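Chemist: So the sequence lines, in the order shown, correspond to chains A and B.
Oh and the first sequence: position 154 is 154 in our numbering, straight run, nothing missing.
Oh and the second sequence: position 230 is 230 in our numbering, straight run, nothing missing.
Be a bit skeptical, because a hint or two may be false.
Heads up, the list lumps identical chains together, so a pair's fine if it works in one copy or across two of them.
Straight-line distance between alpha carbons at most 20 Å, and here's what the computed SDA-like set of lysine to any residue pairs gives [to be verified]:
(1) K227 - N336
(2) K227 - Q313
(3) K315 - I274
(4) K259 - L21
(5) K259 - T31
Please keep in mind that the hints were generated in silico from the structure rather than gathered at the bench.
On a predicted model such as this, the values are computed, not experimentally measured, just so you know.
There are 2 protein chains.
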Amino acid sequence: MPEICPMIEDPNPQRTPLSELGEFGLIERLTADLVAIQPSTVVGVGDDAAVVRPDADCDLLVSTDLLVEGVHFDLAYVPLQHLGYKAAVVNFSDIYAMGGTPTQLTVALAVSSRFPVEALDEVYAGIRRACAHYRVDLVGGDTTSSPSGLTLALTAIGQVARGAAVGRGGAQATDLIVVSGDLGGAYMGLQVLEREKATYLANPNLQPDLSEYQYPIERQLKPEARKDIVELLAELGVKPTSMMDVSDGLSSELLHLTKASGLGCVVFEDKLPIDPVVLHACEEFGIHPATAVLNGGEDYELVFTVSLEDYDQIKGNPHITPIGHMTASEGAYLVNLAGEHVPLAAQGWKAFTAK
Amino acid sequence: MPEICPMIEDPNPQRTPLSELGEFGLIERLTADLVAIQPSTVVGVGDDAAVVRPDADCDLLVSTDLLVEGVHFDLAYVPLQHLGYKAAVVNFSDIYAMGGTPTQLTVALAVSSRFPVEALDEVYAGIRRACAHYRVDLVGGDTTSSPSGLTLALTAIGQVARGAAVGRGGAQATDLIVVSGDLGGAYMGLQVLEREKATYLANPNLQPDLSEYQYPIERQLKPEARKDIVELLAELGVKPTSMMDVSDGLSSELLHLTKASGLGCVVFEDKLPIDPVVLHACEEFGIHPATAVLNGGEDYELVFTVSLEDYDQIKGNPHITPIGHMTASEGAYLVNLAGEHVPLAAQGWKAFTAK
Chain A
1 MPEICPMIED PNPQRTPLSE LGEFGLIERL TADLVAIQPS TVVGVGDDAA
51 VVRPDADCDL LVSTDLLVEG VHFDLAYVPL QHLGYKAAVV NFSDIYAMGG
101 TPTQLTVALA VSSRFPVEAL DEVYAGIRRA CAHYRVDLVG GDTTSSPSGL
151 TLALTAIGQV ARGAAVGRGG AQATDLIVVS GDLGGAYMGL QVLEREKATY
201 LANPNLQPDL SEYQYPIERQ LKPEARKDIV ELLAELGVKP TSMMDVSDGL
251 SSELLHLTKA SGLGCVVFED KLPIDPVVLH ACEEFGIHPA TAVLNGGEDY
301 ELVFTVSLED YDQIKGNPHI TPIGHMTASE GAYLVNLAGE HVPLAAQGWK
351 AFTAK
Chain B
1 MPEICPMIED PNPQRTPLSE LGEFGLIERL TADLVAIQPS TVVGVGDDAA
51 VVRPDADCDL LVSTDLLVEG VHFDLAYVPL QHLGYKAAVV NFSDIYAMGG
101 TPTQLTVALA VSSRFPVEAL DEVYAGIRRA CAHYRVDLVG GDTTSSPSGL
151 TLALTAIGQV ARGAAVGRGG AQATDLIVVS GDLGGAYMGL QVLEREKATY
201 LANPNLQPDL SEYQYPIERQ LKPEARKDIV ELLAELGVKP TSMMDVSDGL
251 SSELLHLTKA SGLGCVVFED KLPIDPVVLH ACEEFGIHPA TAVLNGGEDY
301 ELVFTVSLED YDQIKGNPHI TPIGHMTASE GAYLVNLAGE HVPLAAQGWK
351 AFTAK
């Protein structure tokens with residue numbers, strides 16, 4: 001992550017006004033030299049619609065995400081290239097969360113004229129980098145102006161073997177609940193960045209030292225989708241009975257899984273995987289680590305359920321952690337360190353109440 | 001079109017704040033009771049991604065459009081239900097313009113808290129009406145808040161027989177250029193609505209009489225996609241060599257067709273199909289009819305090229321009009337009523353220069 005301190009601006013920015021290129025010129029510039037790498041991409045950018053030829057015996061997956069400046073990101077500390085990268089990755093994450101592989105992406109971008117062309121170059125550079133990393137073709141979209149701010153709406157297309165998409169509702173009452181990686185980091189990264197922004201606004205000459213928070217900041221600014229976990233489970237011969245990605249916080253995702261399956265669940269606080277640097281940040285900010293995990297969101301890890309019979313396949317694997325199990329009785333609970341059952345509450349984006 | 005005068009507000013609007021429902025409650029309300037009618041829809045709204053199973057021997061088409069308040073629409077005279085309908089239809093139009101059939105739709109919506117829940121109900125009612133009319137399944141999306149205004153990003157998925165997608169670049173030098181319906185109406189409808197808005201702002205008690213402009217206003221507020229033309233051409237056994245929909249103005253679309261084919265074109269002013277009511281409005285507003293057709297846009301008619309051999313099949317058909325032909329030499333020209341060759345100029349959205 002080279003841009004560890006995004007609050008420091010480029011001293012020599014090029015600023016070409018959007019009006020200089022116009023709509024068609026801008027689209028041509030942003031989509032120049034795109035080369036399709038997926039065999040399923042027949043026609044990419046440049047026609048009324050992209051043409052995709054799915055592999056035989058595959059289902060297609062379609063996922064859309066919207067990112068709005070001032071709601072989902074703050075350009076005071078989000079570098080534009082990271083924004084583009086993250087916007088693409090969160091979409092890919094939805095495709096992996098269905099057990100599939102992303103193959104194509106469309107990008108709709110609305111931007112006010114306060115952004116120079118070079119800013120959009122940066123956003124697209126991030127999107128292209130994500131596409132290259134995940135082997136996804138950018139095949140279309142729409143670019144337009146907006147009265148204020150920057151809005152990105154991305155739609156990912158993916159493939160999965162016919163009938164093999166992993167939904168939210170397939171868990172059985174005795175299934176284990178498993179998460180990939182560790183949780184709460186993206187939320188704590190956001191706390192660090194918000195604090196540094198306040199410090200920066202108070203004294204722009206102060207050079208923040210963010211090196212000790214590099215991990216949570218990277219979790220927030222440049223998340224990755226867990227393509228490797230989908231591949232790992234396939235190698236282990238384990239088919240999740242249900243799966244989601246952790247975008248809104250583990251609590252919300254567990255409530256979705258229990259609602260969709262008509263079951264309940266119990267997860268254990270002492271099993272929640274949390275990175276030591278994140279734990280340290282929680283302590284410093286006076287935030288309960290379980291709160292960061294359950295309500296924080298944006299970690300883009302996978303949470304999934306597996307049959308008890310698969311326990312031998314997954315136990316001890318350093319990339320995934322069983323944190324609890326489904327229950328026949330309804331209700332979703334955290335068993336805290338004191339052994340008490342605490343009901344989980346839905347969070348989701350609180351954007352509508354915050355404004 | 002019952003809402004001929006949208007500037008008059010509902011005297012008893014229900015106003016439920018968005019914060020009362022929250023994100024998940026809002027999504028549930030907006031997507032309640034959706035029933036899939038397309039056999040290719042396997043999983044619709046409610047998972048990380050929709051699952052689509054394309055028909056055997058079909059290619060998939062993907063098209064994204066973005067509509068931004070204050071750029072693409074003005075809620076002073078655009079009823080929310082019409083906005084939703086139009087947002088869906090312009091996407092479907094892109095799929096028909098490839099010779100395909102739209103089958104699924106995702107909707108990403110960013111909205112400020114000044115909108116009550118009932119406003120989004122209206123937008124979704126329009127989207128659902130369009131989906132029902134065109135037999136498209138609403139299968140997913142994203143709903144979030146925005147600091148200001150209303151932004152809609154819709155992605156349509158469609159199908160076309162394998163290898164049969166009609167692109168922009170297939171025209172031959174002697175092909176005829178044909179348009180469906182008539183052109184310029186949407187642009188003149190916009191002029192009427194803008195004038196009435198100004199009148200209304202000056203004196204809100206004045207009841208505008210828009211009845212004589214019903215046709216152009218309907219073209220602007222409630223366009224339809226030319227599904228019937230795609231079907232007609234199939235019945236006639238005519239396969240267009242290239243095709244686009246007229247969204248940015250005929251001039252821009254012709255420049256796209258010539259650029260993509262490496263050819264030129266000539267169209268004749270006296271062949272341009274214009275409705276008498278639109279002609280009358282042009283006269284009243286002092287706008288040259290050819291300007292409304294060439295630079296106006298938003299008519300969502302189809303412009304396509306056909307081989308000379310197909311002329312007998314299409315001639316005299318009241319739904320389509322040959323307006324000119326491709327040329328081996330480069331350059332795109334209008335032959336005006338005086339017989340002069342006038343070069344066509346690209347327009348597109350001038351949004352970036354207007355702000």
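Chemist: Against each hint, give a clear statement of whether it holds in the structure.
Modeler: So, going through the hints one by one against the coordinates:
no.: 1; hint: K227 - N336; in the structure: neither (31 Å within a copy, 59 Å between copies)
no.: 2; hint: K227 - Q313; in the structure: within (19 Å within a copy, 53 Å between copies)
no.: 3; hint: K315 - I274; in the structure: within (18 Å within a copy, 72 Å between copies)
no.: 4; hint: K259 - L21; in the structure: between (50 Å within a copy, 18 Å between copies)
no.: 5; hint: K259 - T31; in the structure: between (42 Å within a copy, 17 Å between copies)
Violation of the numbered hints given earlier is confined to hint 1; every other hint is satisfied by the structure.
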